[in-house]
Amino acid sequence: MVSMDAFRPLALAGLMATTSLGLCLPAADAQAATLQVGNGAEPSTLDPQKVSGNWESRITRQLFDRLVNYGPDGALVPGLAESWELSDDGRVITFRLREAQWSDGEPITADDAVFALQRLVTPATANHNANLYYPIVNARAINTGEAEPESLGVTALDSRTLEIRLSEPTAYFLQAMAMTEAAPLPRHLLTSGIEDWTRPGTMVASGPFVLTDWKPQDKVEVERNPRYYAADEVALEGVDFHAIEDTSALMNRFRSGELDIAYGAVPSARFEWAQENLSESLRVGPLIGSYFYMLNLREGTPLSDERVREALNLALDREVITERLLGMGQTPSYWFVPRTIASPTSASLDFHDQDMDSRRARARELLDQAGYGPDRPLELELSYNTLEDHKKIAVAIAAMWRPLGVEIELVNREAAVHFAGLRQGDFEIARYGFVATVNDPYDFLNAYAAGGSAAASTGYADPEYDALVEASTHELDADRRAALMSEAEQRLLEADVMLPIYDYVVVNLVSPDVKGWQPTTLDVHPLRYVSVDADAP
Amino acid sequence: MSTDSLAPTAAPVGDSLGRDAWRRLSQNRAAMASLWLLGLMTLACFIGPWLTPWGLADVDWNAFDVGPTLEGGHWLGTDANGRDLLTRTLYGGQVSLSVALVATFVSLIIGVLYGAVSGYVGGRVDNLMMRFVDIMYSLPFMFLVILLMVVFGRNIFLIYAAIGAVEWLDMARIVRGQTLALKQREFVEAAHALGVKDGKIVTRHLIPNAIGPVIVYVTLTVPKVILLESFLSFLGLGVQEPLTSWGVLISEGADMMQTSPWMLLVPSVFLALTLFCLNFLGDGLRDALDPKTR
Numbered sequence: 001m002v003s004m005d006a007f008r009p010l011a012l013a014g015l016m017a018t019t020s021l022g023l024c025l026p027a028a029d030a031q032a033a034t035l036q037v038g039n040g041a042e043p044s045t046l047d048p049q050k051v052s053g054n055w056e057s058r059i060t061r062q063l064f065d066r067l068v069n070y071g072p073d074g075a076l077v078p079g080l081a082e083s084w085e086l087s088d089d090g091r092v093i094t095f096r097l098r099e100a101q102w103s104d105g106e107p108i109t110a111d112d113a114v115f116a117l118q119r120l121v122t123p124a125t126a127n128h129n130a131n132l133y134y135p136i137v138n139a140r141a142i143n144t145g146e147a148e149p150e151s152l153g154v155t156a157l158d159s160r161t162l163e164i165r166l167s168e169p170t171a172y173f174l175q176a177m178a179m180t181e182a183a184p185l186p187r188h189l190l191t192s193g194i195e196d197w198t199r200p201g202t203m204v205a206s207g208p209f210v211l212t213d214w215k216p217q218d219k220v221e222v223e224r225n226p227r228y229y230a231a232d233e234v235a236l237e238g239v240d241f242h243a244i245e246d247t248s249a250l251m252n253r254f255r256s257g258e259l260d261i262a263y264g265a266v267p268s269a270r271f272e273w274a275q276e277n278l279s280e281s282l283r284v285g286p287l288i289g290s291y292f293y294m295l296n297l298r299e300g301t302p303l304s305d306e307r308v309r310e311a312l313n314l315a316l317d318r319e320v321i322t323e324r325l326l327g328m329g330q331t332p333s334y335w336f337v338p339r340t341i342a343s344p345t346s347a348s349l350d351f352h353d354q355d356m357d358s359r360r361a362r363a364r365e366l367l368d369q370a371g372y373g374p375d376r377p378l379e380l381e382l383s384y385n386t387l388e389d390h391k392k393i394a395v396a397i398a399a400m401w402r403p404l405g406v407e408i409e410l411v412n413r414e415a416a417v418h419f420a421g422l423r424q425g426d427f428e429i430a431r432y433g434f435v436a437t438v439n440d441p442y443d444f445l446n447a448y449a450a451g452g453s454a455a456a457s458t459g460y461a462d463p464e465y466d467a468l469v470e471a472s473t474h475e476l477d478a479d480r481r482a483a484l485m486s487e488a489e490q491r492l493l494e495a496d497v498m499l500p501i502y503d504y505v506v507v508n509l510v511s512p513d514v515k516g517w518q519p520t521t522l523d524v525h526p527l528r529y530v531s532v533d534a535d536a537p
Numbered sequence: 001m002s003t004d005s006l007a008p009t010a011a012p013v014g015d016s017l018g019r020d021a022w023r024r025l026s027q028n029r030a031a032m033a034s035l036w037l038l039g040l041m042t043l044a045c046f047i048g049p050w051l052t053p054w055g056l057a058d059v060d061w062n063a064f065d066v067g068p069t070l071e072g073g074h075w076l077g078t079d080a081n082g083r084d085l086l087t088r089t090l091y092g093g094q095v096s097l098s099v100a101l102v103a104t105f106v107s108l109i110i111g112v113l114y115g116a117v118s119g120y121v122g123g124r125v126d127n128l129m130m131r132f133v134d135i136m137y138s139l140p141f142m143f144l145v146i147l148l149m150v151v152f153g154r155n156i157f158l159i160y161a162a163i164g165a166v167e168w169l170d171m172a173r174i175v176r177g178q179t180l181a182l183k184q185r186e187f188v189e190a191a192h193a194l195g196v197k198d199g200k201i202v203t204r205h206l207i208p209n210a211i212g213p214v215i216v217y218v219t220l221t222v223p224k225v226i227l228l229e230s231f232l233s234f235l236g237l238g239v240q241e242p243l244t245s246w247g248v249l250i251s252e253g254a255d256m257m258q259t260s261p262w263m264l265l266v267p268s269v270f271l272a273l274t275l276f277c278l279n280f281l282g283d284g285l286r287d288a289l290d291p292k293t294r
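Residue numbers (the working numbering), protein chains in the order written: chain A, 1 to 537; chain B, 1 to 294.
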């Protein structure tokens with residue numbers, strides 16, 4: 001899963017038509033264009049195994065093809081692998097790689113894929129999704145430092161055949177291979193002793209685009225990769241990913257024509273206005289993501305007391321937030337795994353159908369038992385990354401809790417600082433957004449399992465929960481699997497380890513000139529299939 | 001120039017500098033009206049929030065983002081979170097006005113004395129004092145604020161300190177320049193010849209004569225400080241929710257001006273009115289305090 005700053009503007013923006021150079025460009029477009037994308041926060045890295053936010057993986061997915069790619073509609077399609085086979089017992093996958101080259105002309109081989117997967121589970125890489133790959137033989141042992149990376153169950157049978165051995169059949173595994181961290185990496189470059197291989201000019205790419213420039217706090221520029229195996233089909237000359245975090249700024253720049261696509265560019269306060277005035281550009285749809293508040297469960301904060309957490313959960317009026325505060329069609333959530341996911345779970349907070357008054361009364365009681373009250377107010381710090389809607393929600397929630405004698409100190413931090421603070425466990429209550437990278441509840445539940453990113457941030461550890469999640473990955477019967485996952489999720493909810501708020505919708509602005517862009521529930525949009533009608537010079 | 005130190009004992013008692021200035025200021029209608037208005041504004045900001053039915057962070061769950069209305073009790077509307085805009089603007093005024101007042105006062109006291117001494121004494125002392133100012137100038141402001149935050153934690157008084165620590169530098173330079181010009185003038189030499197002490201020459205003769213540019217500069221400093229504070233708050237270094245300031249309210253309002261113009265208009269009117277008053281008052285003060293216009 002990828003952390004997402006909800007509504008972090010990813011604007012695919014301003015289309016700047018460049019004049020045709022008279023090269024053999026793909027069929028219809030006489031003029032090739034550079035697509036202008038507003039991409040939210042400044043990326044902290046472009047190493048596909050070290051990225052953590054969707055504003056980063058949006059770029060790396062264009063630079064590095066995986067063995068299995070996303071199609072224009074988000075479905076899985078062959079990428080660097082032209083075909084694959086699953087053995088009858090579901091434990092061995094054999095990928096047949098196509099003939100392809102890195103952007104420096106070196107061939108892309110099965111060894112590059114082996115190298116990348118070994119690096120992915122090496123503890124030093126600290127990939128926050130590494131536990132999604134635990135089904136691979138020995139991956140868990142390597143990731144916890146108990147085995148050498150070479151012992152990973154991944155073998156290059158020849159230069160174009162890759163075999164992956166799984167310890168158990170795993171339902172979602174092919175989807176995990178489409179994630180940006182699973183992309184084969186240029187082994188010849190990474191092993192050459194170079195210090196930072198992700199710099200422009202140094203980095204070589206396997207995807208449709210190659211990195212040409214990176215201006216910090218301004219934009220990342222990529223150009224069409226002439227050595228890409230399907231270079232003829234790529235219509236765009238290049239893409240500029242602008243680092244624009246502020247939603248209003250994104251929307252304004254989209255309106256002025258500087259941006260062609262703006263992801264999440266509409267602040268809730270201007271949503272109605274946008275519906276009326278930007279209807280032909282506004283693309284609204286469900287997104288498999290969960291907006292929630294993470295709670296630090298470690299000893300030493302009042303939140304280590306389960307009664308306090310339950311009281312906070314009870315007094316949080318989700319309908320007010322989704323209906324009156326945001327009004328963009330989000331679903332109030334009493335669960336962690338969004339209901340829009342394929343094979344949804346059925347877990348839910350048990351007070352879900354009680355009315356607010358009795359919930360508040362119960363919350364008061366619990367706080368009273370925990371020793372807090374008007375004489376001894378509960379003081380907590382709530383941090384969020386600086387963005388209009390995050391602030392609105394935080395302010396509203398603080399106001400919902402105040403009548404219970406809960407005093408909230410609101411702390412806004414810049415996105416990079418906020419998420420770094422989360423990784424280090426430096427928070428009490430923190431805003432978070434999880435967006436699925438794999439369309440399966442496991443993607444979410446795994447975050448709180450041992451080794452998962454949320455478990456690391458919050459200090460949550462429950463062996464029974466881990467066992468349930470683990471068991472669900474090996475269960476191939478859909479109903480029994482759903483039951484196991486629901487049971488696991490219910491455990492999380494009963495312990496009140498988080499405060500779920502709503503299931504995401506995604507709101508993007510896409511210029512009508514942009515062709516081939518489709519809304520997807522994972523919010524992945526391969527730009528390889530995108531073109532722009534560039535009539536104006 | 002003041003005459004009291006020179007007045008022969010038999011002559012009628014002369015007006016003091018202060019009383020004289022006040023007499024002239026009170027004849028200036030625009031300045032007096034501004035003074036009253038500023039007083040009212042300050043009073044409203046510091047007492048008003050007790051009188052409005054809403055608190056700083058109270059959310060009216062039935063009135064998100066409503067325009068000015070008499071019925072719901074939100075006379076100037078609510079913000080996107082359903083908080084009463086009048087109440088928030090008044091609270092914001094507390095922060096903005098006190099930051100402006102404190103920072104400007106600090107810059108006035110330190111800057112004027114520092115500049116006058118530096119200019120009057122001259123020579124090596126002048127050189128040392130001004131190089132110190134240069135060094136202070138070369139410290140990046142943001143750096144200073146972030147350093148202060150790291151050392152002392154997040155605190156609103158830090159903003160006062162940080163802004164005050166930077167704003168006196170300009171003032172010191174202006175006053176030094178004035179002093180350098182003034183100390184060659186005849187009345188200073190006359191004072192010397194009569195045996196007036198250096199300290200007295202600086203406070204009674206040099207500073208009053210330099211007051212014109214100083215007052216003008218002060219009236220420019222106040223809006224600058226208010227804007228600086230909103231800039232810091234915008235970056236998350238200044239005031240934190242639910243506390244607010246005029247600058248923060250305006251920057252929030254600007255984002256919403258298409259759909260909820262009152263959110264921009266209300267704090268802007270308060271800020272603009274304050275700045276107008278300060279300008280008129282500054283103008284009046286300059287006239288009143290300038291010894292040459294007597």
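Hints in this document: simulated from the structure, not taken from any laboratory. Treat the hints with care, as some may be off.
Incomplete in silico selection of chain A near chain B, CB under 7 Å [said to hold, decoys possible]:
hint: 1; residue: A269
hint: 2; residue: W273
hint: 3; residue: Q275
hint: 4; residue: R307
hint: 5; residue: P377
hint: 6; residue: K392
hint: 7; residue: V395
Distance ranges between label pairs, derived from CB positions [claimed, not checked]:
hint: 8; chain 1: A; residue 1: T191; chain 2: B; residue 2: P140; range: 17 to 23 Å
hint: 9; chain 1: A; residue 1: T331; chain 2: B; residue 2: F105; range: 37 to 43 Å
hint: 10; chain 1: B; residue 1: V151; chain 2: A; residue 2: E407; range: 22 to 28 Å
hint: 11; chain 1: A; residue 1: E272; chain 2: B; residue 2: F231; range: 26 to 32 Å
hint: 12; chain 1: B; residue 1: V150; chain 2: A; residue 2: E150; range: 41 to 47 Å
Negatives, chain B to chain A, calculated, CB over 12 Å [said to hold, decoys possible]:
hint: 13; residue: L38
hint: 14; residue: V59
hint: 15; residue: W61
hint: 16; residue: P68
hint: 17; residue: V166
hint: 18; residue: P242
hint: 19; residue: M263
We treat Cβ as the ideally placed atom computed from N, Cα and C, and that holds for glycine.
Hints versus structure:
| no. | hint | result |
| --- | --- | --- |
| 1 | A269 | holds (5 Å) |
| 2 | W273 | holds (5 Å) |
| 3 | Q275 | violated (12 Å) |
| 4 | R307 | violated (25 Å) |
| 5 | P377 | violated (14 Å) |
| 6 | K392 | holds (6 Å) |
| 7 | V395 | holds (5 Å) |
| 8 | A:T191 with B:P140: 17 to 23 Å | violated (41 Å) |
| 9 | A:T331 with B:F105: 37 to 43 Å | violated (54 Å) |
| 10 | B:V151 with A:E407: 22 to 28 Å | holds (25 Å) |
| 11 | A:E272 with B:F231: 26 to 32 Å | holds (30 Å) |
| 12 | B:V150 with A:E150: 41 to 47 Å | holds (44 Å) |
| 13 | L38 | holds (31 Å) |
| 14 | V59 | violated (4 Å) |
| 15 | W61 | violated (6 Å) |
| 16 | P68 | holds (17 Å) |
| 17 | V166 | holds (23 Å) |
| 18 | P242 | violated (6 Å) |
| 19 | M263 | violated (9 Å) |
The structure does not agree with the numbered hints 3, 4, 5, 8, 9, 14, 15, 18, 19 stated previously, though it agrees with the rest.
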